[in-house]
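S.K.: Protein chains in written order, with the numbering used here: chain B, 1 to 264; chain S, 1 to 295.
To be clear, the hints were calculated from the coordinates, so they are not data collected in a lab. All residues carry an ideal CB built from backbone N, CA and C; glycine is no exception. One or more of the hints may lead you astray.
Stated by the list, open to error - Covered stretches of chain B (in silico footprint by chain S; criterion: 3 or more residues with CB under 8 Å from a CB of chain S, positions within the stretch not fixed): (1) 89 to 96; (2) 99 to 109.
As the list claims (entries may be wrong) - Here are the simulated DSS-like pairs of lysine-lysine, each with C-alpha atoms no more than 25 Å apart in a straight line: (3) B:Lys74 / S:Lys81; (4) B:Lys6 / B:Lys91; (5) B:Lys74 / B:Lys5; (6) B:Lys197 / B:Lys246; (7) B:Lys31 / B:Lys246; (8) B:Lys91 / S:Lys81.
Claimed, not checked - Just so you have them, the derived chain B footprint on chain S, three or more residues with Cβ under 8 Å: (9) 145 to 158; (10) 266 to 272.
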Amino acid sequence: MLELKKVCKTFFPNTPNERKALIDIDLKLEKGDFVTIIGGNGAGKSTLFNSIAGSFLIDSGNIILDGQNITFLKDYQRARSIGRLHQDPLKGTAPNMTIEENLAMAYLRGVKKGFSFGIGQKDRDYFRDRLAALGLGLEDRLKTKMGLLSGGQRQAVTLMMATIATPKLLLLDEHTAALDPATAEKVAELTQEIVAKDHITTMMITHNMQQSLTCGNRTIMMDEGRIILDIRGDERKKLTVPDLLKMFREHSQKEFDNDRMMLS
Amino acid sequence: MTLIALQGAVEQGFIYALMALGLFVSYRILNIADLTVDSSFTLGAAVSAVFASIGHPYFGLLLAICAGWVAGMCTAFLQTKLQIQPILAGILSMTALYSINLLIMGGKSTISLLKTETLFTLFSGDYAKLPGAIAFALLAGVFLVVFFRTQLGLCIRATGDNEDMVRSSSINTDLVKFIGLGLANALVALSGSLLAQYQSFADLSMGIGTVVIGLASLIIGEVIFGRPNIPRNVLSVILGSILYRVIISFVMARGLSPNYLKLLSALIVIIAISYPVVIQRYRFYQLKKEAARNA
Ligand SMILES: Nc1ncnc2c1ncn2[C@@H]1O[C@H](COP(=O)(O)OP(=O)(O)OP(=O)(O)O)[C@@H](O)[C@H]1O
Ligand SMILES: [Mg+2]
Numbered sequence: 001m002l003e004l005k006k007v008c009k010t011f012f013p014n015t016p017n018e019r020k021a022l023i024d025i026d027l028k029l030e031k032g033d034f035v036t037i038i039g040g041n042g043a044g045k046s047t048l049f050n051s052i053a054g055s056f057l058i059d060s061g062n063i064i065l066d067g068q069n070i071t072f073l074k075d076y077q078r079a080r081s082i083g084r085l086h087q088d089p090l091k092g093t094a095p096n097m098t099i100e101e102n103l104a105m106a107y108l109r110g111v112k113k114g115f116s117f118g119i120g121q122k123d124r125d126y127f128r129d130r131l132a133a134l135g136l137g138l139e140d141r142l143k144t145k146m147g148l149l150s151g152g153q154r155q156a157v158t159l160m161m162a163t164i165a166t167p168k169l170l171l172l173d174e175h176t177a178a179l180d181p182a183t184a185e186k187v188a189e190l191t192q193e194i195v196a197k198d199h200i201t202t203m204m205i206t207h208n209m210q211q212s213l214t215c216g217n218r219t220i221m222m223d224e225g226r227i228i229l230d231i232r233g234d235e236r237k238k239l240t241v242p243d244l245l246k247m248f249r250e251h252s253q254k255e256f257d258n259d260r261m262m263l264s
Numbered sequence: 001m002t003l004i005a006l007q008g009a010v011e012q013g014f015i016y017a018l019m020a021l022g023l024f025v026s027y028r029i030l031n032i033a034d035l036t037v038d039s040s041f042t043l044g045a046a047v048s049a050v051f052a053s054i055g056h057p058y059f060g061l062l063l064a065i066c067a068g069w070v071a072g073m074c075t076a077f078l079q080t081k082l083q084i085q086p087i088l089a090g091i092l093s094m095t096a097l098y099s100i101n102l103l104i105m106g107g108k109s110t111i112s113l114l115k116t117e118t119l120f121t122l123f124s125g126d127y128a129k130l131p132g133a134i135a136f137a138l139l140a141g142v143f144l145v146v147f148f149r150t151q152l153g154l155c156i157r158a159t160g161d162n163e164d165m166v167r168s169s170s171i172n173t174d175l176v177k178f179i180g181l182g183l184a185n186a187l188v189a190l191s192g193s194l195l196a197q198y199q200s201f202a203d204l205s206m207g208i209g210t211v212v213i214g215l216a217s218l219i220i221g222e223v224i225f226g227r228p229n230i231p232r233n234v235l236s237v238i239l240g241s242i243l244y245r246v247i248i249s250f251v252m253a254r255g256l257s258p259n260y261l262k263l264l265s266a267l268i269v270i271i272a273i274s275y276p277v278v279i280q281r282y283r284f285y286q287l288k289k290e291a292a293r294n295a
């Protein structure tokens, strides 16, 4: 489904601040894969997502999504088939527009835009159904301004927006990290549900070691711009968090360091 | 203030309301302080005056709208494709347009329409000019209310609110800005073109300070009539524009020299934009004083 071939990205090349954020990344995801990604601060995880989503052009290499070479497509063109959530719950929604207007925007993904009316009764009913499925009581608040919702509610709605037109690939960048534990749990559950229901190919960066092993079917560990571990199948089933840390130490000759990391 | 002066103020208020609506689109909806406006106002006036003087006042209005639209798109081009900061992009368009306006006016700094037929000479009588002014303001208002409910309108509003979110909805925000700034400047140019025919002359410098006047009208309207939703906000802007004209003609009737008008407009905008900050600071010092007393 997704294939990265020798992807490289260097920030500030040929300056004293040069920073090789991605070095020769090769990665292949099958349809329906759910990959969790872990790694220390500055390992290049977010840069990997930015490269795939098209926030910037990569320096070299190729990115192929569902048979289409998307290396040179603009971010908004890729957004047609890639859904994305950021750590910051405020990033994914427009605060001064109502919930239904936000959903209507997301619903336009891949559909032709024009002068027809933004939100019809049929759309509204559909939004209400989908919101009800979140179990947050938002289905009765379609006309509420997005900015009035809590971070967790906004992130849940963003999740819904990213998946309302089923994407080929879903990128989740620590999307529960800024939420309180109970809300984070809820959003994580919702994520699993939606991904499983629509069989969405997913990559999820997480700061939760345990979650990196329990969620999905494959775990990738990054360090200094490289993928240093790629675990799946039976090997992954037996793995514990201490094992994972030990493997990291062996591969990178240092201790795992991430200020947001939860080791249990 | 005489009744005639009041009537004139209201008529002009309706005409300037189109310009204020244009600023509403760029400043409020798209969240861009677009300075092109100063020149696109004159652009509209120049185009309509030139065509009115050769006997085509209506065609002049239509062309003015198109010209304004193109001017707005030029600014959008500078902002998006060439990545020039929004304020500077507006200043550049404004400056470049000054020459173009002079060119359109055939190298003269004024065009008189006293002996020619205009939209406002259509009827005769005391209230001959009012219907035209009202009709255009209302039409533009209704158009905006309807437009902002379409998918395209929704995209423009969302782009001003959270551009990242719009791009991740697979919408080209550059294109949205082309349309939004085009629409904004088309409204401004229409306003200028109506004013030229209303006062029967166009003047190369008539657009100077338009941005500030527009913002003042916009903010006066919003402060007094509120902006809970788009329809109400549009209405507020129109009423604000009329109120602004009435205030201006009132202070002029009390003997203020027209020389101070720009200063007055700027002060209105400064006060209206900054008063929440000032109030907050005042409250802060109050709290501090109280805390010091209790300590
Ligand atoms: N837009 C950018 N401009 C310059 N440098 C950048 C940019 N984005 C990332 N970097 C650098 O690239 C490196 C990798 O950053 P990245 O954000 O991908 O790390 P990460 O793995 O997501 O870390 P974290 O766990 O802290 O989020 C860092 O050294 C960072 O400073
Ligand atoms: Mg990151």
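S.K.: Hint by hint, say whether it matches the structure.
M.R.: Hint check:
no. : hint                : in the structure
1   : 89 to 96            : holds (count 6)
2   : 99 to 109           : holds (count 7)
3   : B:Lys74 / S:Lys81   : holds (13 Å)
4   : B:Lys6 / B:Lys91    : violated (30 Å)
5   : B:Lys74 / B:Lys5    : holds (19 Å)
6   : B:Lys197 / B:Lys246 : violated (34 Å)
7   : B:Lys31 / B:Lys246  : violated (30 Å)
8   : B:Lys91 / S:Lys81   : holds (24 Å)
9   : 145 to 158          : holds (count 9)
10  : 266 to 272          : violated (count 0)
Consistency with the previously given hints fails for numbers 4, 6, 7, 10, ordered from lowest to highest.
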